[in-house]
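Chemist: Here are the chains, one letter per residue:
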Amino acid sequence: MPLKKNIATSEAGFVFNPATGDSFAANPLAAEVLKLLQAGHDLAAIRAQLLERYDVPAHQLQHDLDDFIWQLTSFQLLEE
Amino acid sequence: MKLPYERPTLRRLTAGTLSKFGPQAGAGVRPVAEVAGASVPALLAQFGSPLFVLSERQLRRSAQALRRSFGTRYPRVQLAWSYKTNYLNAVCRVFHQEGAWAEVVSGFELEKALGNGVPGHHILFNGPSKTAADLARAAEVDAVVHLDSFDELRALLAVAAGRPRPVRVAVRVNLDAGLPQRWDRFGFNLENGQAWQAVQQVAAAPDLALVGLHCHLGTFVLEPAAYGTAAAKLAALAQRATHELHQTIDYLDLGGGFPSLNTLKGSYLPGPDLVPDLDEYAAAVAEALLGAGFAPEALPLLVLEAGRALVDEAGYLLGTVLATKQLPDGRRATVLDFGVNLLFTAYWYDHLISPVRADAGRPEPTVLYGPLCMNIDVVRETALLPPLGPGDQLVVHRVGAYNMSQWQQFITLRPNVILLDLQGNSHIIREAETLEYVQQPERVPEHLL
Ligand SMILES: Cc1ncc(COP(=O)(O)O)c(C=O)c1O
Numbered sequence: 001m002p003l004k005k006n007i008a009t010s011e012a013g014f015v016f017n018p019a020t021g022d023s024f025a026a027n028p029l030a031a032e033v034l035k036l037l038q039a040g041h042d043l044a045a046i047r048a049q050l051l052e053r054y055d056v057p058a059h060q061l062q063h064d065l066d067d068f069i070w071q072l073t074s075f076q077l078l079e080e
Numbered sequence: 001m002k003l004p005y006e007r008p009t010l011r012r013l014t015a016g017t018l019s020k021f022g023p024q025a026g027a028g029v030r031p032v033a034e035v036a037g038a039s040v041p042a043l044l045a046q047f048g049s050p051l052f053v054l055s056e057r058q059l060r061r062s063a064q065a066l067r068r069s070f071g072t073r074y075p076r077v078q079l080a081w082s083y084k085t086n087y088l089n090a091v092c093r094v095f096h097q098e099g100a101w102a103e104v105v106s107g108f109e110l111e112k113a114l115g116n117g118v119p120g121h122h123i124l125f126n127g128p129s130k131t132a133a134d135l136a137r138a139a140e141v142d143a144v145v146h147l148d149s150f151d152e153l154r155a156l157l158a159v160a161a162g163r164p165r166p167v168r169v170a171v172r173v174n175l176d177a178g179l180p181q182r183w184d185r186f187g188f189n190l191e192n193g194q195a196w197q198a199v200q201q202v203a204a205a206p207d208l209a210l211v212g213l214h215c216h217l218g219t220f221v222l223e224p225a226a227y228g229t230a231a232a233k234l235a236a237l238a239q240r241a242t243h244e245l246h247q248t249i250d251y252l253d254l255g256g257g258f259p260s261l262n263t264l265k266g267s268y269l270p271g272p273d274l275v276p277d278l279d280e281y282a283a284a285v286a287e288a289l290l291g292a293g294f295a296p297e298a299l300p301l302l303v304l305e306a307g308r309a310l311v312d313e314a315g316y317l318l319g320t321v322l323a324t325k326q327l328p329d330g331r332r333a334t335v336l337d338f339g340v341n342l343l344f345t346a347y348w349y350d351h352l353i354s355p356v357r358a359d360a361g362r363p364e365p366t367v368l369y370g371p372l373c374m375n376i377d378v379v380r381e382t383a384l385l386p387p388l389g390p391g392d393q394l395v396v397h398r399v400g401a402y403n404m405s406q407w408q409q410f411i412t413l414r415p416n417v418i419l420l421d422l423q424g425n426s427h428i429i430r431e432a433e434t435l436e437y438v439q440q441p442e443r444v445p446e447h448l449l
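Line order of the protein sequences matches chains H and X.
Using full-length UniProt numbering, you'd call the opening residue of the first sequence number 1 and step up by one each time.
Using full-length UniProt numbering, you'd call the opening residue of the second sequence number 1 and step up by one each time.
Note that these hints are calculated values from the structure, not bench results.
Because the structure is a prediction, the values reported are computed rather than measured.
Every residue, glycine too, gets a C-beta built ideally from N, C-alpha and C.
A hint or two may mislead.
A few chain X positions that, by computed beta-carbon distances, are all more than 12 Å from chain H [unchecked claim]:
1) Leu3
2) Thr9
3) Phe47
4) Leu269
5) Gln326
6) Leu327
With a cut-off of at most 20 Å between alpha-carbon atoms, the simulated DMTMM-like pairs for lysine to aspartate or glutamate come out as follows [unchecked claim]:
7) Lys2/X with Glu52/H
8) Lys2/X with Glu32/H
9) Lys325/X with Asp67/H
10) Lys35/H with Asp359/X
11) Lys2/X with Glu80/H
12) Lys325/X with Asp66/H
13) Lys2/X with Glu244/X
14) Lys325/X with Glu6/X
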């Protein structure tokens, strides 16, 4: 589920959707996930990568990533 | 070493964000790990979650602050603890130790006050629903009946007939104090002459003794000047009774209605920035009474029935996150182990809610839901809180008023209530309910056994 092509993101976590004019603030991990999505990684790969690097139980990361994808969907930031 | 983890979140930035959360947006984010000097995790471990906590120190402080505000401006002040606000006996007894009389509105509350050792003549009996038995009991223990209607006056005359001493009566008055909302369903209206008529009828009844005039303007009244107006009008009514009927009025009771520091729903400014100081109310009342023309030796006693202003601040509700989820509209939702069943005042207030854990991460807006299977079970429509997960603990502030009397045993059982005494010791003052307790009054018909 790739990010829409025209979504602009910054290192500092600023996200802008030019199609709707909405802007968002991403926390550091959200910014990282967005970058990985933009680079074309799929969710399973992103999960595995984060699990390596962050101090978090697998089930919690799964839950939080699912929630995050829901959030992206409801903010209309993902390709249909 | 792995990196510390903080859940990924995205927050929509809109021009409206600031006003939506108001200036107190960040206020709830400050972590609070202790209440009244006790560790929240330790209390929850010992007494279970959720848990109501009352601080005896704060109860006493609030009572003393009210007495100081009014007592330094007017020489004769008496507090009557409004039982319905929180009638847990331990709470009532703290206030009675601080010198408060009791203000009750039912036979049930009257018996509670008597049980707490309040002498009958220090009990003021308000309310529109006194039964003949209630009136007889009030007469027997020499409580003051605050008359609500002419029908009640008739009922009281029947009860009072033939008693060894007259029944003491105050007339409850409703009046125009310039407030948008008038509580004119209680007592007798001043402006249309009913209040004067009631005063005359009581004065003329040999079995009744008129001792006071009462007026309760409403609740969470943010206009100190309204109390000045009410005091002036009650004082004028008292003087008319003295001049025309030769009745001395012992006390003027201005009721309660003083706000706590809570934030009313829909208020842009948080309570602490909006609520006038008690001193302002006291100044308005004192100025009106001292300027009303009473002879110095005939100044009436000023009675106050403050409820929420005395007890809200001393109460905390501690609880735990059960689950979090993402709502279809993009909002974050947090499900708590307490809801409107315990926190009735969530209908009124945007309660200040603090996380306990300090390192929980960057705040995000979240809806706080209770555990009930009901759409109305919303504790906060939006609160700015760090990302919380199951097991995280929260503190709800200023919950002492009305919750521990208006709570419901609905779907779940009501939890422990503890009092932290002046030494910091904890005492259970109401035990968590059990299935047996709830079922004790139930009866199952023979054919269903
Ligand atoms: C007669 C009377 N006195 C006192 C109170 C206490 O009110 P508050 O908690 O607003 O001070 C009430 C509450 O409704 C009341 O009806």
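Chemist: A separate judgement is required for each hint: does it hold in the structure or not?
Modeler: Outcome of the hint check:
| no. | hint | in the structure |
| --- | --- | --- |
| 1 | Leu3 | violated (5 Å) |
| 2 | Thr9 | violated (5 Å) |
| 3 | Phe47 | holds (28 Å) |
| 4 | Leu269 | holds (25 Å) |
| 5 | Gln326 | violated (4 Å) |
| 6 | Leu327 | violated (8 Å) |
| 7 | Lys2/X with Glu52/H | holds (8 Å) |
| 8 | Lys2/X with Glu32/H | holds (16 Å) |
| 9 | Lys325/X with Asp67/H | holds (7 Å) |
| 10 | Lys35/H with Asp359/X | violated (25 Å) |
| 11 | Lys2/X with Glu80/H | violated (35 Å) |
| 12 | Lys325/X with Asp66/H | holds (10 Å) |
| 13 | Lys2/X with Glu244/X | violated (86 Å) |
| 14 | Lys325/X with Glu6/X | holds (16 Å) |
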